[in-house]
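For the protein sequence lines, the chains are P, Y and R, in the order given.
Position in the first sequence (from 1) plus 3 gives the number in this note's numbering.
No gaps in the numbering here: position 273 of the second sequence is 271 in this note's numbering, and each next residue is one more.
Position in the third sequence (from 1) plus 3 gives the number in this note's numbering.
Just so you know, these hints were derived from the structure itself, not from any lab.
Do not take every clue at face value.
[Said to hold, decoys possible] Derived CB-CB ranges, DEER-like:
#1 Lys187/Y x Ala184/P: 52 to 60 Å
#2 Lys342/Y x Gln124/P: 48 to 56 Å
#3 Lys73/R x Lys202/Y: 30 to 38 Å
#4 Ala184/P x Arg247/Y: 57 to 65 Å
#5 Ala184/P x Leu235/Y: 56 to 64 Å
#6 Lys202/Y x Ala241/P: 38 to 46 Å
#7 Pro176/P x Asn44/Y: 52 to 60 Å
#8 Asp48/P x Gly190/Y: 26 to 34 Å
#9 Pro46/P x Met(-1)/Y: 51 to 59 Å
#10 Asp106/P x Thr51/R: 27 to 35 Å
[Stated by the list, open to error] Here are the simulated DSS-like pairs of lysine-lysine, each with C-alpha atoms no more than 27 Å apart in a straight line:
#11 Lys261/P x Lys180/P
#12 Lys244/P x Lys261/P
#13 Lys202/Y x Lys7/R
#14 Lys73/R x Lys102/P
#15 Lys100/P x Lys232/Y
#16 Lys186/Y x Lys99/P
#17 Lys98/P x Lys186/Y
#18 Lys98/P x Lys202/Y
#19 Lys271/P x Lys180/P
#20 Lys204/P x Lys73/R
#21 Lys99/P x Lys220/Y
#22 Lys342/Y x Lys373/Y
#23 Lys221/Y x Lys98/P
#24 Lys100/R x Lys244/P
#25 Lys99/P x Lys187/Y
#26 Lys342/Y x Lys232/Y
#27 Lys270/P x Lys204/P
#28 Lys279/P x Lys244/P
#29 Lys100/P x Lys231/Y
#30 Lys186/Y x Lys102/P
#31 Lys102/P x Lys232/Y
#32 Lys7/R x Lys220/Y
#33 Lys7/R x Lys221/Y
#34 Lys202/Y x Lys100/P
#35 Lys202/Y x Lys102/P
#36 Lys261/P x Lys204/P
#37 Lys244/P x Lys180/P
#38 Lys100/P x Lys180/P
#39 Lys73/R x Lys12/P
Each residue gets a CB set at the ideal place from its N, CA and C atoms; glycine is no exception.
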Amino acid sequence: MNATTFDYKEIQGREERLAPGHRLCAGCGATIAVRNVLKALHPGDHAVVGNATGCLEVSSYTYPYTAYEDSYIHSAFENAGATLSGVETAYRVLKKKGKIGADYKFITFGGDGGTYDIGLQSLSGAMERGHDMVYVCYDNGAYMNTGIQRSSATPPFADTTTTPAGKVSAGKPQPRKDLAAIMAAHNIPYVGQTTFIGNMKDLYTKSERAIYTEGPAFLNIMAPCPRGWRYEAPELIAICKAAVETCYWPLFEVVEGKWSLNYEPKKKLPIEEFLKRQGRFKHLFTPENEHCIGEFQAEVDRRWEELLARCAQ
Amino acid sequence: MAVRTRMSGNEAVSHAIRQISPDVMPAFPITPSTEIPQYISTMIANGEIDTEFIPVESEHSAMSAAIGAGAAGARVFTATSSAGLALMWEVVYVAASSRLPLVMAVVNRGLTGPLNINAEHSDSMGARDSGWIQIYAENNQEAYDNMLQAYRIAEHAEVHLPVMICQDGFITSHAVENISLLEDEPVKKFVGEYEPEHFLLNEKEPMAVGPYAVSNYCMEAKKAQAEAMIRAKKVILDVAREFEELSGRTYGFYEAYRMEDAEYAVVAIGSVCGTTKDAVDRLREAGVKAGLVKVRVFRPFPGEELAEALRGCKAVAIMDRCESYSGEGGPLGAELTAAMYRAKLAAETVNIVYGLSGRDVRVEDMERVYDDLRKMAEEGLRFAQYPYLGLRE
Amino acid sequence: MALKAAEINESTRWQDLTEGLKIFEPASSRLFETGEWRTMTPVLDTETCTQCLLCVPYCPDSSIPVRDGKRGAFDLDHCKGCGICAAACPFGAITMKEGR
Chain P
4 MNATTFDYKE IQGREERLAP GHRLCAGCGA TIAVRNVLKA LHPGDHAVVG
54 NATGCLEVSS YTYPYTAYED SYIHSAFENA GATLSGVETA YRVLKKKGKI
104 GADYKFITFG GDGGTYDIGL QSLSGAMERG HDMVYVCYDN GAYMNTGIQR
154 SSATPPFADT TTTPAGKVSA GKPQPRKDLA AIMAAHNIPY VGQTTFIGNM
204 KDLYTKSERA IYTEGPAFLN IMAPCPRGWR YEAPELIAIC KAAVETCYWP
254 LFEVVEGKWS LNYEPKKKLP IEEFLKRQGR FKHLFTPENE HCIGEFQAEV
304 DRRWEELLAR CAQ
Chain Y
-1 MAVRTRMSGN EAVSHAIRQI SPDVMPAFPI TPSTEIPQYI STMIANGEID
49 TEFIPVESEH SAMSAAIGAG AAGARVFTAT SSAGLALMWE VVYVAASSRL
99 PLVMAVVNRG LTGPLNINAE HSDSMGARDS GWIQIYAENN QEAYDNMLQA
149 YRIAEHAEVH LPVMICQDGF ITSHAVENIS LLEDEPVKKF VGEYEPEHFL
199 LNEKEPMAVG PYAVSNYCME AKKAQAEAMI RAKKVILDVA REFEELSGRT
249 YGFYEAYRME DAEYAVVAIG SVCGTTKDAV DRLREAGVKA GLVKVRVFRP
299 FPGEELAEAL RGCKAVAIMD RCESYSGEGG PLGAELTAAM YRAKLAAETV
349 NIVYGLSGRD VRVEDMERVY DDLRKMAEEG LRFAQYPYLG LRE
Chain R
4 MALKAAEINE STRWQDLTEG LKIFEPASSR LFETGEWRTM TPVLDTETCT
54 QCLLCVPYCP DSSIPVRDGK RGAFDLDHCK GCGICAAACP FGAITMKEGR
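Could you build the full structure based on these sequences and the hints that come with them?
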């Protein structure tokens, strides 16, 4: 799939691989990520889907109801990378021994808690060892399943249940970890970052590349959470757009070590456009916390410049 | 035709694995089990077996990858010790509850605190309630034989549970002793091909592993798992009988050594049993009716059978190479005493903690244990608390 | 033979549950009707709808079926009424109505 072969209607006509009846919240962004990544699989291709413990897991395979058309495995929170690396290795051996016939792709999903934090080692190991698999992080910027605790993916100043905004606190003190850059530093063939924009061509293209590139691939998808970010569900589209237009969540990819930007806003919007739509940043729009928005903007600017420099190389 | 040779416990287990040639082996280095992945990696490097080795970045990932590979339909092996097993803990339970027939060589070493690399059973004893079958070896021969029987037990349709094959760190794993090996072909025939009924890579039947289950399902699932552990008892004995036909060596839940008319018995696990047998022989020569019950299978716990083996004894010393910090003794002490109570045995018992962090146990030490047993029965000797063998005090 | 999801419920005996609580069939979640959660219901104005399908990928509940390049009626057995589809529609063809 590329600019010339992208056929939006054909993709929408593909069979659903994430079935309805799962119990994720109404309007859940994680679900949109999973559904559309799996739509990038070519019709008829087999896959094994992995999953770290989290909202997605407890809601998409609640016994006896699996939402997956494909084989699925979850074993714990911090080991989605290692677990799928075992499946992928078994596939190679059984294929070599002639015990199985079909070709398979391996895709695992983890939230930011299971990926940036507790599962980082397992992910790093799986990527370093070169397994032919895709790790997809649905990044909603906090431990949503346990009740909106901060993670290292939580944006600065976000009001979470472990970084609550209060009389002497303006929310999370630290900036976000740059996971995509960490994964790129593993020198794997493919790293991509995306979210839900327009007809999702960016997401489909990156998902297909990640799935069909031989070797390990990592995909980071910003997946808004209406409960944790505190917005009305239909606002998801406007929030994703604002995240990209403010350069808070740039769309880029790193192919064989080469960084490239996939979208550059004509006019970079101020970060308020992203912040003002979410209850978790409401406390910033007060006279005593105004300076935080300036700090947030400075951090976004610094990272954007850094990304532009990487992509210019 | 048996092959008589000399090798260490780690070599013996690795030799068994060469003969079984499992599909996938994820492992992480840790003393004293490290040699096993080293030997097997060398076999792979020389094209002797077609196992895929996954050089994982931690033991947690070793067990996680083992779960993934097992669910995918592969026959899986891993090896670990001590802190490595402790790091796996969470997923050790998941392997069992997912009913995956994985096999793991555990080379027993104490859990850290203080850091030490020597023999102790605190690692696998800590995992005793994880739902894994546990089989312990006295020496390299038994480690080899147990490994050959492991997959037959784990993969049996009535069982579908993972198995730990345990041996004592260094004492067994590194000491080179005589061993009788079976030839490759009969071993392969005995172990058989692994043909799982359900597996992730079955294109005709997508499956889902590892659900979230509400309370109304969990209790039933745990009961089903517990029943599989109980059913494993028969399978362990059946497989042992078949193995005896192949090898001429007899195995059961335990070995009774000179127990026919024994008045004083020691119950122990692992390499200390070799030392104890020497003590029994010496005492028997001196006319003391001493005997030994060596526990081979700790999970499922053969409580009834062990109690029956002790019926008629005047005093019994239950030996734990493991401190459980309960204030009451070790795990074998607790479980066997309970089984003896249920069997209404009248013997005096003492639970002795010994050999922690590789502390040496000599034949004389065990002779003293038997002497204490005699004093307990004849002179009313009582221990205020569970004693440590050979402690400076 | 292992039971199918449709045969399993919270009164199934321990002997009958699937081993290791594994499920040996795809997409059994379709049996679970999340449409009951809905407090708002999407209504499609087929006159205004241009069949651009931009609403389709935004549905978190795979509840906008597509056949032969055209979207069909909402799967109201599963739609949770989040309203994202209405926001995704560039033509205002979807409106959210109070109730189920």
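How the hints compare with the structure:
The supplied range of 52 to 60 Å is met by Lys187/Y and Ala184/P, whose beta-carbon atoms lie about 54 Å from each other. The hint said 48 to 56 Å for the Cβ distance between Lys342/Y and Gln124/P, and at roughly 52 Å that hint holds. In this structure, Lys73/R and Lys202/Y meet the distance hint of 30 to 38 Å, their C-beta atoms being roughly 32 Å apart. In this structure, Ala184/P and Arg247/Y meet the distance hint of 57 to 65 Å, their C-beta atoms being roughly 58 Å apart.
Take Ala184/P and Leu235/Y: their Cβ atoms lie about 58 Å apart, and the range 56 to 64 Å holds. Between Lys202/Y and Ala241/P the C-beta distance comes to about 44 Å, which sits within the given range of 38 to 46 Å. The hinted window of 52 to 60 Å between Pro176/P and Asn44/Y holds, with their beta carbons roughly 55 Å apart. In this structure the hint that Asp48/P and Gly190/Y lie 26 to 34 Å apart at CB holds, the actual value being about 33 Å.
Hint check: Pro46/P to Met(-1)/Y, Cβ distance near 56 Å, so the stated range 51 to 59 Å holds. One distance hint, 27 to 35 Å for the beta-carbon pair Asp106/P and Thr51/R, is violated here, with the actual separation near 43 Å. A hinted pair counts as satisfied when its Cα atoms are at most 27 Å apart, and Lys261/P with Lys180/P qualifies at roughly 21 Å. Among the hinted pairs, Lys244/P with Lys261/P is consistent with the structure: their alpha-carbon atoms are about 25 Å apart, no more than 27 Å.
With a C-alpha separation of about 15 Å, the suggested pair Lys202/Y and Lys7/R falls inside the 27 Å cut-off, and the hint holds. In summary, the hint linking Lys73/R to Lys102/P is not supported, as the alpha carbons are separated by about 41 Å, beyond the 27 Å threshold. Among the hinted pairs, Lys100/P with Lys232/Y is inconsistent with the structure: their alpha-carbon atoms are about 33 Å apart, more than 27 Å. A distance of roughly 19 Å separates the Cα atoms of Lys186/Y and Lys99/P; the hinted pair therefore holds under the 27 Å criterion.
For a cut-off of 27 Å, the pair hint linking Lys98/P to Lys186/Y stands: about 21 Å separates their Cα positions. Taking the CA atoms of Lys98/P and Lys202/Y, the gap is near 16 Å; set against the 27 Å cutoff, the hint holds. As the CA atoms of Lys271/P and Lys180/P are separated by approximately 22 Å, the hinted pair is consistent with the 27 Å bound. Using a Cα cut-off of 27 Å, the hinted pair Lys204/P and Lys73/R holds, with the two alpha carbons roughly 19 Å apart.
Between Lys99/P and Lys220/Y the alpha-carbon distance is near 36 Å, which puts this suggested pair outside the 27 Å criterion. Annotation: proposed proximity of Lys342/Y to Lys373/Y holds, straight-line Cα distance about 22 Å (limit 27 Å). Of the supplied pair hints, the one linking Lys221/Y and Lys98/P is violated, its CA atoms being roughly 36 Å apart against a limit of 27 Å. Between the alpha carbons of Lys100/R and Lys244/P the distance comes to roughly 26 Å, so the proposed pair stays at or under 27 Å and holds.
This hinted pair checks out: Lys99/P and Lys187/Y have alpha carbons roughly 21 Å apart, not beyond 27 Å. Our distance criterion of 27 Å between C-alpha atoms is met by Lys342/Y and Lys232/Y, whose separation comes to about 24 Å. For the hint linking Lys270/P to Lys204/P, the alpha-carbon distance of about 21 Å falls within 27 Å, and the restraint holds. Restraint check for Lys279/P and Lys244/P: the C-alpha separation of about 13 Å stays at or below 27 Å, so the hint holds.
For the hint linking Lys100/P to Lys231/Y, the alpha-carbon distance of about 33 Å lies beyond 27 Å, and the restraint is violated. Among the hinted pairs, Lys186/Y with Lys102/P is consistent with the structure: their alpha-carbon atoms are about 17 Å apart, no more than 27 Å. In summary, the hint linking Lys102/P to Lys232/Y is not supported, as the alpha carbons are separated by about 30 Å, beyond the 27 Å threshold. With a C-alpha separation of about 20 Å, the suggested pairing of Lys7/R with Lys220/Y holds against the 27 Å cut-off.
Between the alpha carbons of Lys7/R and Lys221/Y the distance comes to roughly 20 Å, so the proposed pair stays at or under 27 Å and holds. About 19 Å separates the Cα atoms of Lys202/Y and Lys100/P, which keeps this hinted pair within 27 Å; it holds. The suggested pairing of Lys202/Y with Lys102/P holds, with an alpha-carbon distance near 14 Å, which does not exceed 27 Å. Restraint check for Lys261/P and Lys204/P: satisfied, since their Cα atoms lie roughly 21 Å apart, inside the 27 Å limit.
The suggested pairing of Lys244/P with Lys180/P holds, with an alpha-carbon distance near 21 Å, which does not exceed 27 Å. Taken as a hint, the Lys100/P and Lys180/P pair is broken in the structure, with Cα atoms around 42 Å apart against an allowance of 27 Å. Taking the CA atoms of Lys73/R and Lys12/P, the gap is about 9 Å. The hint holds against a cut of 27 Å.
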